[in-house]
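J.: Residue numbers (my numbering), protein chains in the order written: chain H, 1 to 326; chain W, 327 to 520.
There's no promise every hint is true.
What the hints assert, rightly or not - Coverage of chain H stretches by chain W, computed from C-beta distances (three or more under 8 angstroms per stretch; other residues unrestricted):
1. 6-16
2. 62-76
3. 88-96
Source of the hints: derived by calculation from the structure; they are not laboratory data.
Beta carbons are placed, not taken as given, at the ideal position from N, Cα and C, and that holds for glycine.
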Amino acid sequence: MSWMLIQRHLNKLRWFILSVIFGMLILIPFLHLYQTYEAAHAYDLLSPMEKTISDSMEWLTSPFIKDPETELNQLKGTTWSGTLFGLKLSDPLAVVGQVAAGKMIYLPFLLTALIPILLSIIFGRIFCGWICPATLLYELNDNLAAWLRRAGLPVSRHKFDQRLKYLVLVVGIIISMLTSTIAFAAMYPPAILGREIYYAIALSGFGAGMVFFILTLLFDLMVTRRGFCRYVCPGGALYSLLGRFRIFRIKRDVAQCNDCAKCNVVCQFGLDPLRDDFSQECNNCTACIAVCPTDALSFTINIKDQAFQGPGHLGHLHRKHQDKGE
Amino acid sequence: MKRRTFLQAIAGTGLSSLLAENSLAARNQPSMRFLRPPGSLSEDDFLSRCIRCGKCGETCPNRCIKYFDLENGLSSMDTPYITPREQACILCMKCGDVCPTGAIQPLEREMYTILKNVKMGKAIVNRDLCLSFQGKTCGVCYRACPLQDVAIRTGRLEQPHVLKDCVGCGLCERSCIQIPQAIRIIPDYDRTPV
Numbered sequence: 001m002s003w004m005l006i007q008r009h010l011n012k013l014r015w016f017i018l019s020v021i022f023g024m025l026i027l028i029p030f031l032h033l034y035q036t037y038e039a040a041h042a043y044d045l046l047s048p049m050e051k052t053i054s055d056s057m058e059w060l061t062s063p064f065i066k067d068p069e070t071e072l073n074q075l076k077g078t079t080w081s082g083t084l085f086g087l088k089l090s091d092p093l094a095v096v097g098q099v100a101a102g103k104m105i106y107l108p109f110l111l112t113a114l115i116p117i118l119l120s121i122i123f124g125r126i127f128c129g130w131i132c133p134a135t136l137l138y139e140l141n142d143n144l145a146a147w148l149r150r151a152g153l154p155v156s157r158h159k160f161d162q163r164l165k166y167l168v169l170v171v172g173i174i175i176s177m178l179t180s181t182i183a184f185a186a187m188y189p190p191a192i193l194g195r196e197i198y199y200a201i202a203l204s205g206f207g208a209g210m211v212f213f214i215l216t217l218l219f220d221l222m223v224t225r226r227g228f229c230r231y232v233c234p235g236g237a238l239y240s241l242l243g244r245f246r247i248f249r250i251k252r253d254v255a256q257c258n259d260c261a262k263c264n265v266v267c268q269f270g271l272d273p274l275r276d277d278f279s280q281e282c283n284n285c286t287a288c289i290a291v292c293p294t295d296a297l298s299f300t301i302n303i304k305d306q307a308f309q310g311p312g313h314l315g316h317l318h319r320k321h322q323d324k325g326e
Numbered sequence: 327m328k329r330r331t332f333l334q335a336i337a338g339t340g341l342s343s344l345l346a347e348n349s350l351a352a353r354n355q356p357s358m359r360f361l362r363p364p365g366s367l368s369e370d371d372f373l374s375r376c377i378r379c380g381k382c383g384e385t386c387p388n389r390c391i392k393y394f395d396l397e398n399g400l401s402s403m404d405t406p407y408i409t410p411r412e413q414a415c416i417l418c419m420k421c422g423d424v425c426p427t428g429a430i431q432p433l434e435r436e437m438y439t440i441l442k443n444v445k446m447g448k449a450i451v452n453r454d455l456c457l458s459f460q461g462k463t464c465g466v467c468y469r470a471c472p473l474q475d476v477a478i479r480t481g482r483l484e485q486p487h488v489l490k491d492c493v494g495c496g497l498c499e500r501s502c503i504q505i506p507q508a509i510r511i512i513p514d515y516d517r518t519p520v
């Protein structure tokens, strides 16, 4: 029962992790600025604004490190490819794109994607739900769409084929091979977002990538719910494929389900937990577990999804069915 | 969509883009004067290796590494570059250490390694602009150079003479007191050290 209690609060933990990662993406450019100020040994020459940055970053880091110039190099980059306390990690999509574009395998780079690949094989699209910095904004964006819908605006109502994103993945690989450049870097929101936040803070300002990202936000808001993640994102496609036979799955306990359909409403990916249909698209966001009033949904260890188990035993459909039988 | 239609669509897209390959052959022709970070591979290899993660710029202690937007074409969007007149490379070699894909090769910060592996470009002196060649002793570029007497030496009246070992870091161009600068780096996009 206590495990169930934890699961019901996993969604909050997820939001906390997403916010921490987004915060890190904002913090790391400031840390870099602080490093450059330290490297220049010219505190007196900084402008008041730069002095504020330098002071606050010093306040933040001085309890943990002595030499910011070298020790802060342990924390660099974005979720696309970064150094997390000395551990180099890369997005599997970056490796796929790089192999396609370079037509060769660079082993040190391949190894940096090993941990994310293993995690995806075990947990499925866990990157999409728990790590991706764009997810935070897309989910907030979806809340905005919900408010607009409540206000009576016909927003974000279309549906497409979820397999479209696999086509995007294949076309992206082909374009990468033909042009010998990594096409995914320009169309993958977490990569764009991490980069653009750095540009905005440490360099001249947002670039063309931000325009693309805002267009995806508008697409989600106006056309279809979480549309980019569900229908276009090549990274999502890759993670879905990797997590096709994932070990951890959310499963519906038919004896406890009362057919309230709250899980279907809350699922931003448009999946169908009510009919046991999670498929490889589920990003383990656990929103359905959190919303379920009867604790019928929970994580289980299973390689395959359950086939549809029929209406929940606490629901009126099942009772009607039983009455007829008797 | 049926599975068959879907697979046909994938195959069709692949074929048609293969046919279009020839039209893409004239790519990667740099139209601007820019330097890549030290230890970068040749331009084509660099573009195929770089994943645009931005870590080189985040590590650069001199903040000389900037990123292309669309001004140099789509293929080099978000790739790192250096404009030496604005901020030049100090050859600290930290960007190579941090590059995950080897687009910027990891190199030791040691003179012979740098001379052997780094070729961002080569400085040339415009004698019509250079103060020393006008009889006004200057020598700023020589003093800014991290490889004095290896990459650059001075003659009579501190007149700069660039030697063949110049790696093209751009510190001379950054330091030149003339406007416009009398010494500038001609980028070497093949980046083959002599």
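J.: For each hint, tell me whether it holds in the structure or not.
T.: Hint check results:
{"no.": "1", "hint": "6-16", "verdict": "violated (count 0)"}
{"no.": "2", "hint": "62-76", "verdict": "holds (count 3)"}
{"no.": "3", "hint": "88-96", "verdict": "holds (count 3)"}
Hint violations for this structure: number 1 only, all remaining hints satisfied.
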